[in-house]
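**Student:** Given only the sequences and the hints, what does the whole structure look like? Please build it.
Residue numbers (the working numbering), protein chains in the order written: chain A, 2 to 310; chain B, 128 to 527.
Just so you know, the hints here were simulated from the structure itself, not pulled from any lab data. All values derive from a computational prediction rather than experimental measurement. Take these hints with a grain of salt, some might be off.
Covered stretches of chain A, going by a simulated chain B footprint (3 or more residues, C-beta under 8 Å) [what the hints assert, rightly or not]:
#: 1; stretch: 6–15
#: 2; stretch: 198–212
#: 3; stretch: 221–235
#: 4; stretch: 259–270
Only some residues are given here: those of chain B computed to face chain A with a beta carbon under 8 Å [unchecked claim]:
#: 5; residue: Leu380
#: 6; residue: Leu381
#: 7; residue: Pro384
#: 8; residue: Gly429
Here are a few chain A residues that sit away from chain B, every Cβ distance over 12 Å (derived from the structure) [unchecked claim]:
#: 9; residue: His46
#: 10; residue: Gln120
#: 11; residue: Arg151
#: 12; residue: Thr179
#: 13; residue: Leu180
#: 14; residue: Pro249
#: 15; residue: Ala253
#: 16; residue: Arg254
#: 17; residue: Trp276
#: 18; residue: Leu279
Note that the Cβ used here is the ideal one computed from N, Cα and C, for glycine as well.
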Amino acid sequence: MVTGKGGTGKTSVVAALGFAATRAGRRALLVETGRDENLPRLLSHDARPAGYAGRTYEGGLRSMRSDPYEALAEYLRIQLRVPGVVSRVLRNRGFRQLMDAAPGWRELITLGKVWHLEQQKDARGGPLHDLLIVDAPATGHGLTFLDVPRVVVSAVRAGPLRRHAGAVEAMLKDPRDTLLLPVALPEELPARETAELVQRVREGVGIAVDRVVVNAVPAPPFPPALPDLDARLAALPRDAALPGIPDPAVLARCAAHLRGRFELAREYVGRIAEWTALPAVELPWLPEGVRGPAELERLASALLAGERA
Amino acid sequence: MRRARGAAQPLEPAALLRSRRILVCVGCGGVGKTTVAAAFGLLGARLGLRVLVLTIDPAKRLADALGVGALGDEPRPLPPALLARLGVPPEGRLSALVLDMKRTFDDLVARFARSDAERERILRNPLYQHVSDALAGSAEYSAMEKVYQLSESEDVDLIVVDTPPAQHALDFLEAPERLLEFLESPVVRLLLHPAFAAGRTGFRLFQRGAVRVLQLLERASGIGFLQDISEFLLAFEGMSQGFRERARTVKGLLSGPRTGYVLTTGPGADATAQGCAFADRLEEAGVGLSGLVANRMHVWPGAPCEPKAFTEDGERALARSLARVHGASYPAGAAARAALALARGYAALVARDAGAIGPLAERVRARGGFVIRVPEFDRDVHDLDGLAAIAGILAQERPR
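**Tutor:** Next comes the structure, spelled out in structure tokens:
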């Protein structure tokens with residue numbers, strides 16, 4: 002279950018985890034839960050949506066978007082054995098407006114779908130997917146999302162819903178089944194929000210969390226052999242004539258800016274690890290952004306290297 | 128059309144703040160919108176206005192930025208001595224408020240309920256407990272309702288509103304209509320008045336299906352789903368007339384001439400693409416942008432240069448200069464190469480940010496809006512000095 006503040010690159014991390022899982026020889030299914038689909042355009046050069054039925058990419062990686070209404074129709078069809086008239090009702094706009102106002106069911110049905118996917122078997126009776134990676138809603142909403150089964154179990158005394166919610170809750174709370182993976186940025190606000198998230202998970206929600214991903218961590222401005230080059234550039238005479246290149250003061254200012262952002266990021270990586278008392282897995286900042294498979298390969302390598310470290 | 132409107136003189140930030148009652152700061156999450164909103168607030172105070180900055184984000188970001196600790200329900204003024212240090216004249220005021228959206232919605236129910244009993248019935252309904260979360264945008268609507276209340280105050284010249292990062296740009300503008308549409312939808316009406324559907328065959332068929340699904344959910348859940356919904360809707364229906372009128376007034380204020388909109392975007396292609404989508408939605412809704420703040424931009428810190436033209440002569444000269452100052456033992460050749468590689472990388476970042484924002488900036492200017500680039504600072508901006516620096520950038524940079 003991957004969560005994080007908006008803008009932290011949570012979806013890129015989900016996609017990179019999918020690449021890393023595929024490289025490690027595991028059949029992963031990535032599940033989007035938002036209103037829009039963002040994974041297909043990252044995972045492949047062909048951006049056609051995966052939809053509820055899902056789609057398979059190179060290497061056997063799969064992704065889907067769990068639409069709550071499709072999941073509800075499927076649930077009613079399979080679990081409650083209700084005929085097809087249900088789908089027609091669920092497609093009705095007025096009915097949707099009514100359902101949109103009803104609390105909790107979207108979260109529950111989405112997690113129910115994850116549970117159902119987890120139960121699926123392949124032809125030989127083994128699990129159909131080795132790993133489900135869920136792009137859960139952003140921090141705040143993310144915890145409400147994961148807490149719904151517990152609320153249902155405590156509020157509903159009997160009936161199939163209680164039974165199903167109980168199964169989902171058991172899956173979420175079993176550390177062998179489910180891990181929560183917070184994604185942070187090495188900056189003030191995302192760092193604080195991640196610390197709050199981890200605290201609330203420990204205090205109440207009860208889902209295992211064993212590490213934090215810190216995304217977009219910049220590299221030092223210069224190679225290790227030249228640790229203080231920015232200071233040395235700043236010390237050059239201002240009027241040094243350098244044909245065809247920026248004068249030393251400009252070079253020093255570029256370096257100072259990148260040095261500042263690098264040091265700030267180091268501070269926050271440290272603070273995130275300290276505030277959450279968890280190991281921080283760092284992903285590099287890619288100046289060109291995460292646009293597709295090429296960048297995901299780099300992030301997947303960093304994830305796997307972080308795993309070994 | 129573009130040319131005709133582009134001919135209009137863009138309103139500079141200072142003039143915009145002086146001529147508006149409300150400034151709405153929109154944009155996606157994570158671009159520094161809250162900081163920009165606070166900086167506009169400080170700029171307004173520097174112009175001698177009495178400014179209230181209102182943030183809807185439940186995180187205490189604005190509190191952090193303004194250094195006022197936890198904010199409550201009442202606007203918290205910044206101490207005059209502090210404001211004076213930030214260049215605010217004696218008549219200028221700056222206060223901040225973090226909005227409690229749930230409570231604003233409760234206030235709304237309290238106002239439009241026809242009796243105490245009706246109010247209690249709504250507030251205690253289990254469905255109501257979730258309605259502000261569940262109805263997309265109702266939280267944003269509550270926020271705008273609060274803006275309306277505050278705008279009626281004589282003590283404030285300008286309200287700067289930091290909108291929540293919405294998945295859909297205009298949730299706060301469209302929420303009242305969506306709520307009303309919901310209350311008037313056929314399914315809701317048939318639940319309230321089953322007789323409404325009698326005699327309409329297609330509708331009766333649907334009614335049977337809908338009631339069946341609801342009964343199934345009720346049976347599966349063991350919750351009085353139908354009863355809760357009907358009670359909630361019956362109670363809400365009574366107030367919908369007052370609510371409707373109020374919603375119209377609020378919308379009128381927000382789309383009127385005394386409300387300005389400023390879009391904040393972040394650096395890079397993704398953030399800018401999101402900003403463009405935002406601008407599209409605003410335009411579709413007939414809301415014009417008064418300006419664009421391109422935040423956290425990489426700016427080239429010197430005379431323009433062309434990294435492709437960096438010469439080997441230049442690199443050698445730099446190496447010689449480094450060796451002269453730092454001694455023959457310093458690896459000056461490698462250092463010169465690394466310094467120029469860094470400059471190329473930095474120039475690429477500058478070009479990336481400028482290229483990404485270019486078309487959107489052009490579009491905003493063509494429609495008479497200002498464009499301001501705020502450079503990314505070497506440090507995070509979470510204190511008043513940082514805000515003052517951004518306010519300075521907002522004030523000084525002239526639209527080009």
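**Student:** Going through the earlier hints one by one, which of them does the structure break, listed in rising order?
**Tutor:** Violated hints (numbers, rising): 2, 5, 6, 7, 14, 15 and 16; every other hint is consistent with the structure.
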